[in-house]
Each structure stands twice: as structure tokens, then as C-alpha cells.
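Note that the protein sequences, when read in sequence, are chains A and B. 1 is the number of the first residue of the first sequence in my numbering; add one for each residue after it. 1 is the number of the first residue of the second sequence in my numbering; add one for each residue after it.
Any given hint might turn out to be false.
[Claimed, not checked] Chain A side only, calculated, beta carbon under 7 Å to chain B, not exhaustive: (1) V113; (2) A116; (3) R117; (4) G121; (5) P123; (6) R124; (7) P125; (8) V129; (9) V130; (10) L242; (11) P243.
[Unchecked claim] A few chain A positions that, by computed beta-carbon distances, are all more than 12 Å from chain B: (12) E23; (13) L120; (14) P126; (15) S187; (16) G205; (17) E235; (18) L247.
These aren't lab readings, by the way, just hints derived from the structure by calculation. Predicted model only: the values in this text are computed from it and were never measured. Built from N, CA and C at the ideal position, the CB exists for glycine as well.
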Amino acid sequence: MQFDWSVDVVAGVALVTVRLRNETGLVREARVRNELAGPVLPPRREGTFEAGWDREGVTVVVDVGDSAVRGYACPLDDADSGDPTGRIEPPATITSVDSPSDTTSPGSPDSAVNHARRSLGDPRPPRAVVEVGSEAASLDQSASADEDGTSDGDDEAGEAYVSRPDTPDEVDDRLDSVRERVAVLESLDGASVDEATEILCAHGGLSGVEALASSVEEDAEALKVDAADTESLTERIAEVSLPIDGLRRLA
Amino acid sequence: MILAVCGGKGGVGKSTVAYNLAGALDGVVVDGDLGMANLPSWGGPTLHDVLAGRAAIHECIRGGPVDVVPCGRSLAGARAADVAALGGALQSLSAERAPVVVDCPAGLRADVGVPLAVADAAVLVTAPEPYALADALRTRELARELDAGVCCVVCNRVVDAPPTATIRDVLGAPVVVLPTDPRVGRSVAAERPVYEVSPESDAGRALEDAARRVERC
Numbered sequence: 001m002q003f004d005w006s007v008d009v010v011a012g013v014a015l016v017t018v019r020l021r022n023e024t025g026l027v028r029e030a031r032v033r034n035e036l037a038g039p040v041l042p043p044r045r046e047g048t049f050e051a052g053w054d055r056e057g058v059t060v061v062v063d064v065g066d067s068a069v070r071g072y073a074c075p076l077d078d079a080d081s082g083d084p085t086g087r088i089e090p091p092a093t094i095t096s097v098d099s100p101s102d103t104t105s106p107g108s109p110d111s112a113v114n115h116a117r118r119s120l121g122d123p124r125p126p127r128a129v130v131e132v133g134s135e136a137a138s139l140d141q142s143a144s145a146d147e148d149g150t151s152d153g154d155d156e157a158g159e160a161y162v163s164r165p166d167t168p169d170e171v172d173d174r175l176d177s178v179r180e181r182v183a184v185l186e187s188l189d190g191a192s193v194d195e196a197t198e199i200l201c202a203h204g205g206l207s208g209v210e211a212l213a214s215s216v217e218e219d220a221e222a223l224k225v226d227a228a229d230t231e232s233l234t235e236r237i238a239e240v241s242l243p244i245d246g247l248r249r250l251a
Numbered sequence: 001m002i003l004a005v006c007g008g009k010g011g012v013g014k015s016t017v018a019y020n021l022a023g024a025l026d027g028v029v030v031d032g033d034l035g036m037a038n039l040p041s042w043g044g045p046t047l048h049d050v051l052a053g054r055a056a057i058h059e060c061i062r063g064g065p066v067d068v069v070p071c072g073r074s075l076a077g078a079r080a081a082d083v084a085a086l087g088g089a090l091q092s093l094s095a096e097r098a099p100v101v102v103d104c105p106a107g108l109r110a111d112v113g114v115p116l117a118v119a120d121a122a123v124l125v126t127a128p129e130p131y132a133l134a135d136a137l138r139t140r141e142l143a144r145e146l147d148a149g150v151c152c153v154v155c156n157r158v159v160d161a162p163p164t165a166t167i168r169d170v171l172g173a174p175v176v177v178l179p180t181d182p183r184v185g186r187s188v189a190a191e192r193p194v195y196e197v198s199p200e201s202d203a204g205r206a207l208e209d210a211a212r213r214v215e216r217c
């Protein structure tokens with residue numbers, strides 16, 4: 001297996017490109033391992049690593065006479081970032097070349113499950129509807145049928161009840177949660193490699209931080225709704241006038 | 001065997017068909033609707049617990065006229081459920097109990113795709129109306145993409161004779177007509193599967209026909 005690589009460094013992050021060419025007469029599966037100190041940040045779809053990727057590298061199947069190109073990012077530590085082009089050589093190596101294994105073949109169940117996850121989207125309810133009072137956010141459903149039996153549990157599933165915060169304490173708690181999430185993202189902006197690594201570790205790695213970013217987007221939408229409600233109420237208050245003289249005559 | 005019961009559109013009767021098929025096949029039905037569960041449940045561990053890593057799926061089997069692996073009813077549980085673990089859980093269950101019939105949710109998201117990816121076969125549930133058939137067609141395409149062969153199509157809540165030849169040609173699988181019958185509608189909530197209550201009724205025979213087609217898949 002012929003192997004070549006190139007690396008660019010941008011803002012303390014190495015962008016590594018590896019190129020493989022299979023000159024043998026058989027389909028080959030090559031394991032490429034990252035040799036840099038930082039974790040592999042591979043391409044993702046719907047939060048799932050693209051096929052073949054993990055935190056240490058990538059497994060690539062290359063057809064006879066074919067080439068494959070893969071790329072990933074890797075944050076550089078202080079030792080590597082001092083002299084990027086001189087000290088990160090090679091950034092990746094091939095550790096094995098074998099016959100393709102079942103888990104990477106397109107028809108394998110693992111591959112089909114990951115394909116489904118990547119291509120079909122996250123089915124979970126958004127974090128915003130769960131944050132607001134977990135007890136009150138319970139589904140209450142029954143699988144009862146109509147009198148004439150023409151419906152079934154699917155129809156009678158009921159609707160999810162989600163409560164908005166009622167008390168000032170609940171409002172404060174919710175806003176505190178939002179502030180905490182925003183603070184984490186703000187701390188990543190401009191953080192050094194060490195600081196960023198510490199924050200990633202504290203918040204479930206890159207996937208955890210990405211989930212946090214997604215939650216903050218949902219928080220923003222929820223806050224926009226709150227802002228619209230607040231503005232509407234303010235306008236109503238400004239327009240309302242109490243007919244106090246008339247009420248006095250009635251009292 | 002893992003059988004995925006799906007159809008795309010909500011409200012066509014997937015849960016009822018899945019429940020009754022599991023009963024007729026002497027299997028276990030898994031309530032795979034992570035966000036809107038509606039099969040009989042209990043106070044024990046549920047699929048939410050399995051997908052959050054708190055329980056093994058075999059601990060969640062609720063015995064009854066039809067054995068059920070119920071799903072939790074909370075949004076928090078749905079949020080915490082990792083659909084990536086669903087495939088492995090279903091495969092683990094099928095090693096102990098067979099067949100495993102998965103009541104898939106409506107839609108075409110990963111919570112439908114993952115069961116189809118690990119299923120050996122699928123049953124499409126539809127109703128004789130355009131939106132249901134269109135969604136069934138999209139689900140059929142997804143099943144093919146994920147290599148889950150469609151055993152049959154159950155056309156539910158039939159009053160007038162539906163165009164079964166057309167449905168068969170469009171969806172590419174034999175059609176079983178399930179007529180409107182109050183005993184079918186009540187079967188899940190009352191936990192009285194049709195094969196027990198009225199096996200000789202038109203609905204009972206239709207469900208038996210569907211079960212036999214699944215066995216021959």
C-alpha cells in the first residue's frame with residue numbers, strides 16, 4: 001500500500017491529509033493511526049463519526065488499483081505547535097494492511113446502523129422541552145380504542161405535556177442553566193490547547209461540547225419566544241386602563 | 001428473528017399490528033417508540049433504561065398475554081436514550097427470545113432506521129388513504145436501503161375493499177387486508193390479542209395470515 005501525507009497548521013490545529021493507493025491485486029483494508037499527541041477530530045454526520053473513523057485514526061478499504069484520500073483535524077499541543085512543519089513528521093502512519101473485515105463492509109449490521117444514524121437524523125426531543133421541570137414533562141398516554149374500535153394506541157397516544165416555569169425560582173433556575181451552557185462555550189473561544197482539552201474532558205469530549213452548542217441554539221429559540229411574550233405583555237399593560245370611577249359606583 | 005413493524009405515518013395501527021403479530025408468533029414485542037410509547041407498561045425497567053445503560057433488555061420483559069418490552073413515557077428518558085444502543089439491544093434480545101417484533105415509531109428518523117438496519121424482515125402497516133400509502137412507500141424505500149426485506153403489507157382499518165393489487169404493485173409485497181373490528185382496536189389496551197379473542201373472525205384470520213407470511217420470510 002502506497003502512503004503519502006501532508007499537513008497544514010491553522011490556528012494551532014493540524015489539518016492532516018493522508019493518501020493511500022492500493023497497487024496490489026486484492027482489495028485491502030488499511031489502518032491509519034494518528035501520530036500526533038492530540039485527539040483525532042474526524043468528519044461527522046448528525047453527530048456520528050463518518051464510517052471507519054475513531055479517536056485514534058481511520059480504517060480505509062481501498063479497491064484494487066484504486067486510491068483513497070482521508071482528512072482529519074488534530075489540535076496541536078505546545079511541543080508540536082512550536083515548530084509545526086518540523087515536529088509533526090509523520091503525522092500519521094499505516095499500522096496494518098489486511099483483508100477487509102466484516103464490520104467495515106457495507107452490508108454489515110454495524111455499518112447499516114451507523115449509516116442509519118448518520119443519514120436519518122436525531123429522533124430525540126430537543127433539550128429545551130426536557131429542561132423545564134422534568135416531572136411535569138412526562139407523557140401521559142393510554143392505548144385505548146374508540147367505541148367503534150376503529151382506532152388503536154397510535155391514535156390515542158395523547159400529547160406530551162411540557163410545563164413552563166411557574167415560579168420565579170424555576171425561571172431563575174432555567175436561566176442559570178442557560179448561563180452555564182453559554183459560559184462553557186465562551187470559555188472555549190480563544191482557549192489554549194491545554195485549556196480547551198480540559199474543558200472538553202469536563203464536558204464529555206467533543207460530542208458533549210457539540211451537544212452543548214446544539215442546546216444553546218435551542219435555548220436561544222426558547223428565549224426569543226420568552227422575549228416575544230414579554231414584549232406582548234408589556235404592550236398590553238401599557239394599553240390597559242382601569243375604569244376606576246365606574247367601578248367605584250358599582251362597589 | 002427481528003421483525004420491524006413500520007409504516008411512516010402515525011395513527012395507522014402499527015402498535016396494534018405489532019402487538020398482535022408478536023402474540024400470533026409467540027414472540028416478544030418491543031415498544032420502539034422512544035418519544036411516544038403506547039404499549040402496555042409497568043413499574044419495572046424499560047427500553048429507556050436499556051438505552052441509557054441502566055438495565056439489560058432481558059430484564060425489561062413484561063409478561064402477559066403478549067410479552068412486551070415497554071418503553072418509558074418521559075421526555076427526559078427519551079432525551080437520554082441513545083439510539084445507537086438500540087441495535088445491539090435488539091440483537092441481544094433476539095438471541096434469547098425469538099421472534100422480536102419491534103413496534104417502530106412514525107417518521108423516518110434514526111429510531112426507525114436502526115431497527116430496520118438490524119431487522120431480518122419488515123412488515124409495513126398502512127391504511128387505505130393517500131398520505132398513509134405515500135409514507136408507506138417512503139418507509140419501503142428506507143427498508144430496502146437498509147436491507148430489510150418486506151414480508152407483507154398490512155392494510156389496516158379497511159371498510160370498503162381497498163385496491164390491493166395497486167398497493168401490492170406499488171409497495172412490492174403481498175397485501176393482507178385487516179378489516180375494521182372493535183376487537184382489534186381494543187386488543188392492546190385490554191391486553192386481549194385477537195388470536196385469543198376471535199381467531200375465526202375476518203380480522204383474526206387476517207392477522208394469522210400475516211403471521212404465517214412472516215414465518216415464511
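Hints and how they fare:
1. V113: 4 Å, holds
2. A116: 3 Å, holds
3. R117: 5 Å, holds
4. G121: 5 Å, holds
5. P123: 4 Å, holds
6. R124: 5 Å, holds
7. P125: Result: holds, 5 Å to nearest chain B Cβ.
8. V129: 6 Å, holds
9. V130: 5 Å, holds
10. L242: Constraint on L242(A) not satisfied, violated at 41 Å.
11. P243: 45 Å, violated
12. E23: 32 Å, holds
13. L120: 4 Å, violated
14. P126: Nearest chain B Cβ is 8 Å from P126(A), so the label is violated.
15. S187: At roughly 24 Å from the nearest Cβ of chain B, S187(A) sits farther out than 12 Å, so the non-interface label holds.
16. G205: 14 Å, holds
17. E235: 32 Å, holds
18. L247: Holds, because the least Cβ-Cβ distance between L247(A) and chain B comes to about 45 Å, which exceeds 12 Å.
Checked against the numbered hints listed earlier, the structure breaks hints 10, 11, 13, 14; every other hint is satisfied.
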